[in-house]
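J.: Chain order of the listed sequences is A and Z.
Quick note: the first sequence, position 681, residue 681 per UniProt numbering, numbers continuous.
Quick note: the second sequence, position 273, residue 273 per UniProt numbering, numbers continuous.
It should be emphasised that the hints constitute simulated quantities derived from the structure, not laboratory data.
Mixed in with the good hints there might be a few duds.
The list treats identical chains as one, so a pair stands whether inside a single copy or across any two.
[To be verified] In silico SDA-like pairs for lysine to any residue, Cα to Cα no more than 25 Å straight-line:
#1 Lys-67 to Ala-77
#2 Lys-677 to His-210
#3 Lys-553 to Glu-64
#4 Lys-439 to Gln-541
#5 Lys-322 to His-613
#6 Lys-686 to Pro-81
#7 Lys-439 to Gly-616
#8 Lys-55 to Asp-44
#9 Lys-439 to Asp-614
#10 Lys-140 to Asn-572
#11 Lys-100 to Lys-140
#12 Lys-736 to Ser-583
#13 Lys-289 to Gly-373
#14 Lys-115 to Asp-239
#15 Lys-179 to Gly-566
#16 Lys-115 to Glu-648
#17 Lys-140 to Ala-584
#18 Lys-553 to Val-655
#19 Lys-660 to Leu-503
#20 Lys-722 to Leu-503
#21 Lys-580 to Pro-465
#22 Lys-67 to Asn-697
#23 Lys-686 to Leu-730
#24 Lys-677 to Ile-321
#25 Lys-733 to Pro-201
#26 Lys-72 to Asp-199
#27 Lys-322 to Pro-669
#28 Lys-97 to Asn-157
Protein chains: 2
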Amino acid sequence: MNYFTRITSSPKQILAVVVFLTLLVLAFSIKAESESPRLVSTQDDIAEMRLAIEKPGSFKTKFEQQKRSVDKQMEQAITVPVPADGGGGYTHERHKKNYKLMYQAGMLFQLTQDKKYADLVRDMLLQYADLYPTLDVHPKRKAGANNPGKLFWQSLNEAVWLVYSIQAYDFVLPNLTEKEITKIEQGIFRPIVKFLSVDSPATFNKVHNHGTWLTSGVGMAGYVLNEPEWVEQALYDLDKSGKGGFLKQLDELFSPQGYYNEGPYYQRYALMPFITFAKAIETNEPERKIFEYRDGIVLKAITTTIQLSYNGLFFPINDAIKSKGIDTIELVNGVTIAYGLTGDTGLLEIAQIQDQIILTGDGLKVAQALDAGKATPYEFESVAFGDGADGTQGALVIMRQASSNKATETDSQAVLFKPAAQGLGHGHFDKLTWQFYDKGAEIVSDYGAARFLNVEAKYGGRYLPENKTYAKQTISHNTVVVDERSHFDANLEKGNANHPEHLFFVNDKNVKLSSATIDSAYEGVELTRTLALINLPEQDQTLVIDVFDVNSKKQHQFDLPVHYQGQFIDSNFALNANDKTMSALGNENGYQHLWLKAQATPDAGLARVTWLHDNGRFYTQSSIETGDSQILFTQIGANDPNFNLRNENAFIHRVKNTKKHSFISVLEPHGEYNPSKEFTISATSKVSGLAHVDNDNVTAVLITFLDGKEWVLAYNKQSVTKTKKSEFSLKGKKYKFSGQYLLQKITK
Amino acid sequence: MNYFTRITSSPKQILAVVVFLTLLVLAFSIKAESESPRLVSTQDDIAEMRLAIEKPGSFKTKFEQQKRSVDKQMEQAITVPVPADGGGGYTHERHKKNYKLMYQAGMLFQLTQDKKYADLVRDMLLQYADLYPTLDVHPKRKAGANNPGKLFWQSLNEAVWLVYSIQAYDFVLPNLTEKEITKIEQGIFRPIVKFLSVDSPATFNKVHNHGTWLTSGVGMAGYVLNEPEWVEQALYDLDKSGKGGFLKQLDELFSPQGYYNEGPYYQRYALMPFITFAKAIETNEPERKIFEYRDGIVLKAITTTIQLSYNGLFFPINDAIKSKGIDTIELVNGVTIAYGLTGDTGLLEIAQIQDQIILTGDGLKVAQALDAGKATPYEFESVAFGDGADGTQGALVIMRQASSNKATETDSQAVLFKPAAQGLGHGHFDKLTWQFYDKGAEIVSDYGAARFLNVEAKYGGRYLPENKTYAKQTISHNTVVVDERSHFDANLEKGNANHPEHLFFVNDKNVKLSSATIDSAYEGVELTRTLALINLPEQDQTLVIDVFDVNSKKQHQFDLPVHYQGQFIDSNFALNANDKTMSALGNENGYQHLWLKAQATPDAGLARVTWLHDNGRFYTQSSIETGDSQILFTQIGANDPNFNLRNENAFIHRVKNTKKHSFISVLEPHGEYNPSKEFTISATSKVSGLAHVDNDNVTAVLITFLDGKEWVLAYNKQSVTKTKKSEFSLKGKKYKFSGQYLLQKITK
């Protein structure tokens, strides 16, 4: 199975054996037959799979479907066009189709032993071997970028091509003549490996997902072409120093819990080369114990990706396309490999939702387990993922209501709280932002990325200019903006160099509570936010309580937006609408993209804004107003001459000329609007009052309901032990509690 | 079964028998047992249903579900509150719940013979009998309206209460004592009948859906309380002249094909009393042959309601809540009764989609047939429904692509073309408007009604002021507006007095084609529109071709809006966006609600606008531009101080100072945007040219595709026979065709 397991004793020995093996491969191409395939699926896997496609079951169904698909594609002539188009364009998409087709045909050859599939892969690779040496860098490469490809506009895609195509080549090796092998390796694989490694050192060595694809492709090619040096370089940097490379990427790109610092959208993307190359390493060199590396970080990366979702879709923080979810092919592969490793039947429920069997050895295990009805509910958890390589650079916090521990549960709730680190180049300037999910939908929302993936007419399908001018800016998120400037003044280096401090996280049955603080987003300003998702069974009510404390040395303007999804219904204060003409709210930092639809100055006391989501539920945010603060109503769309942005709505709490302010609010889901069945219930809020007590150690929020019942949530502002005593006074009465918080009904 | 079938010979005889029967009922309350129930379900039905609930099946499942629901509600004390609230408010909803609960409990009594259900109905009716005589008209009645209720704010709801409650009473009569009967009839049923008939003559006699509910309630009460006079009044007007009443409503409110002149939203609502009372008439007086009346108009009304939908939702023309669809309870009852009458297995597929078995005799038939797997595909048709009582007041035209003849087919297409009559008070000023549906979704859209049904905070849940100022106005639709004035100057009387002339309708396999004209919407201006939904199998392409000819004596400004659903992607002409400030497009007639986002003056030739729908498909409208016409890009939301309107987008083709103009365009669905699977295909239009030939008799549109292929669609502008010869010249070549149209590929 493994051909250089036993040859690692000394450099000299290695050299001798490598030379010998290389000569052997070149001399007897038939040798390859006994060793192939040797990456994600093994010869033993193939033997099992050949049996499985003879018996009814979901594996056979998938096999037949893929065979039909490949057979249909084989009716067309092979097309290996000269690269011309950027992402989404014809040649780009054709080369993508080619590597997928080669991979699938290669696997079909292994399963059916029908030579026509091997011949397709051979013929296509021979065309690539003719084409590749003639190519310069891609004509549509991004200006100024140091990562051009040749087949594709960027080396990232080129590496993806290699990851698929080297597996296809591995599958069909037994069917190739020596001459064909030489031609293919000399014409395409050796040049592309060279291009992606020694000729692209910056990208190859970078601790970044592009680097992962490049090292994975090169490392896998190393196993197939019998070039252990490539594997070493892939694992430890081109100079084998360990400063870059795959292992360094596993060390640094994930937190100890397996959170990827760019957020779930890129986490699932990054996952693919990690799990694919890890699996190939395990096949070839099990003694590296890659799946045990860093306390099982590869597996944690997979399960964390699952956790970073609500109702099947990933939390769209940072640069993210919002329709991406757990059925993404990368996570299908991840769940499949994770099940192969662990046999955890909860993963089968996720596989059920993904509804995509893959044709690998682990895919067969998943298919057979699903056919046998072994799936059990996957547990979605409330969890704080520490951020950064050591897990101490802030955190990404998920709070869920108990009813939500089912993947497809659409009547569950989640709060995403983001005192996380910057997340490198795809990160947004959104320290301490939050989102709220209920009844299957995003209610308090994150814009995600401004991008129409691969739509040529929209800025070539790349990130739109508005991604930088709006989507990354602080005002496009649900967190405090000081003086209309973004966090870190939108300076990436400054963002990367600083992070919030995650203070505490409580995960009790009816109380999920978390707090974090940052004093580096703005000079001289400390931002501290505490969010609680609480359940009051007696009131049959869940609530999100939000306490955002701002402390600064000098006077500033503080804006706290709520980007909501749905139709505005009502406010308990007068709106002053800009009826006939409306203007952009500001000139820069994202404000230039917001139309100011209306402004209001609510009276001191409780201000309410109610909206209705398409999910049929009403949402009311009740907030404590001082009487001189404003609420601004905005819509995205100003300074957007090409209509690149979605026209979504927000309201912004604004206080001016202030040094210290606490934004206190409660978000309350309520009622139902059912125009189809023609009923409307509980369209108005039940919260009638809010009060806020703040002393040196404790913050308390008092919530009064229309029926007169009162509840208090109090918490110690610092992380404390379970026995630590705290106290506060409310309406002349003293309250004491132990531990982090108190949730109590106030008896009258 | 029927107790006054044989007593219609002479008034004297009737009187004698009525007196006798009344005495009989009063004397022996047990008598009722043998006659009850006698409305929608009969004693024979009940016997069958009692057997069915003993056997497994969907009927038993529904029965048990309803029993659980009623049992749960019976844990609460009976509440018959003094009326206080308008629609959506507490007392309104409580009285609605009460009549539904009484109806369900009454049926459960019949099925289980468990007296507790009968006692619930009795006790609740006794409370109503105490309350009703104390009531004046409702405190929340609409100011100035002549249709107040007592239990509810309008007599409409009061009549609905009666329709349900009289059935409940009928169910439990066998369980009532003479004293209880007297109390209930004297306290509630006789007063409410009096209130809804002789005390509400205007509404009762009105040929209108309110009138149908009133006559149905009163007529059904007539059967149960043995008051044939009430039945006569219900059928023939209070004065029995036949000028009003139920039969007159059947004559006038439906076209000969069963189209209800207010459109599908009100058609399904109107349906309920028609089918319920008709069924009660059939039970009691089959000799009236009510289901054969007017060539089976009741049945046609039901099947037409089904046809007036796409992907399960009704076409939202006129005042319509857009989420209403074929699973509405009224149509569940309609389909159930229609299946009982016809045994048409296609209806079972609709029942399957509705997924709501009802507990009636016909409901049992549907349940048993569904259990037996008898459902067959329901045929959705391309059809022109003639409008008005005689079917000649214009038409509502549905054109479907062949693939769409399945109810749940989401990849089918439909064009709705509306050269229909005004549709009374709920009609919109939208002559010749159209909508387009594709891949399950509305693509070229109709705003529907501006209303949040029963949401108190939104204008009491009634039609919003913006319904009149925007949703009813012409500019909110996809049809020509002259000089920024609405059709008929938005004068309802003028609208009701005039209607378009429907010229022709062609329903061939690859060509659906229809044309209509109106010269009364604007004085001195003739509007003629021809719409075609064509399929070009060779191009693998469907297209909508739109030819809108405007002819006037004087110079005017003509606006033709396209209200689209989705995200703007691209245009092939420069947009001049209002970046920093934007203003309302106009001052009145709906224009005051449109923000002018951008304007453009495309060069002469082909102008293209492409947008992307959430369904993942791109849509391009290509139009012929003269070089001096404008395209304006708008968004709804100006002059909307309470944020009552949805912020949807449109673009408006505008020509100024013109007497004669033809707006020629082609709408082309294309490609796929799949960010989840990360691919984008055919994001750009394949139409490269459009030309237009117009002679006295024939209009021809030439469409050129990027691949050089050319197709011509030509049609004779008048309705002609299949043998009628027409001819036209195109690019110097003469073409001849027979019949209405020619669709031909031009060979080069």
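J.: Are the CA atoms of Lys-722 and Leu-503 at most 25 Å apart within a copy, between copies, both, or neither?
T.: within (15 Å within a copy, 82 Å between copies)
J.: Between the shortest in-copy and the shortest cross-copy C-alpha distance, which are at most 25 Å for Lys-55 and Asp-44: within, between, both, or neither?
T.: So Lys-55 and Asp-44 pass the 25 Å test inside one copy only (18 Å; across, 53 Å).
J.: Quick one: Lys-439 to Asp-614, C-alpha cut-off 25 Å, is that within a copy, between copies, both, or neither?
T.: The answer is both: 10 Å in one copy and 20 Å across copies each meet 25 Å.
J.: With identical chains treated as interchangeable, where does the CA-CA distance between Lys-439 and Gly-616 reach 25 Å or less: within a copy, between copies, both, or neither?
T.: Both, since 9 Å and 23 Å are each at most 25 Å.
J.: Given identical chains, is Lys-140 near Ala-584, meaning Cα to Cα at most 25 Å, within a copy, between copies, both, or neither?
T.: Result: close neither inside a copy nor across copies, 35 Å intra and 42 Å inter.
J.: Please work out whether the CA atoms of Lys-686 and Leu-730 approach to 25 Å or closer within one copy, between two copies, in both situations, or in neither?
T.: Within one copy only: 22 Å inside a chain, 70 Å across chains, cut-off 25 Å.
J.: Are the CA atoms of Lys-100 and Lys-140 at most 25 Å apart within a copy, between copies, both, or neither?
T.: within (22 Å within a copy, 67 Å between copies)
J.: When no copy is named, should Lys-179 and Gly-566 be tagged within, between, both, or neither for a Cα gap of at most 25 Å?
T.: Result: close neither inside a copy nor across copies, 64 Å intra and 55 Å inter.
J.: Tell me, please, which holds for Lys-115 and Asp-239 at an alpha-carbon limit of 25 Å: within, between, both or neither?
T.: For Lys-115 and Asp-239, the Cα distance exceeds 25 Å both inside one copy (41 Å) and across copies (89 Å).
J.: For the identical chains here, do Lys-686 and Pro-81 meet the 25 Å Cα criterion within one copy, between copies, both, or neither?
T.: between (64 Å within a copy, 22 Å between copies)
J.: How do Lys-140 and Asn-572 come out at 25 Å by Cα distance, when the copy is not named: within, between, both, or neither?
T.: Intra 55 Å, inter 22 Å, cutoff 25 Å: inter-copy only.
J.: Are the CA atoms of Lys-67 and Ala-77 at most 25 Å apart within a copy, between copies, both, or neither?
T.: For Lys-67 and Ala-77, the Cα distance is within 25 Å only inside one copy (17 Å; across copies 65 Å).
Hint violations for this structure: numbers 3, 12, 13, 14, 15, 16, 17, 22, 25 and 26, all remaining hints satisfied.
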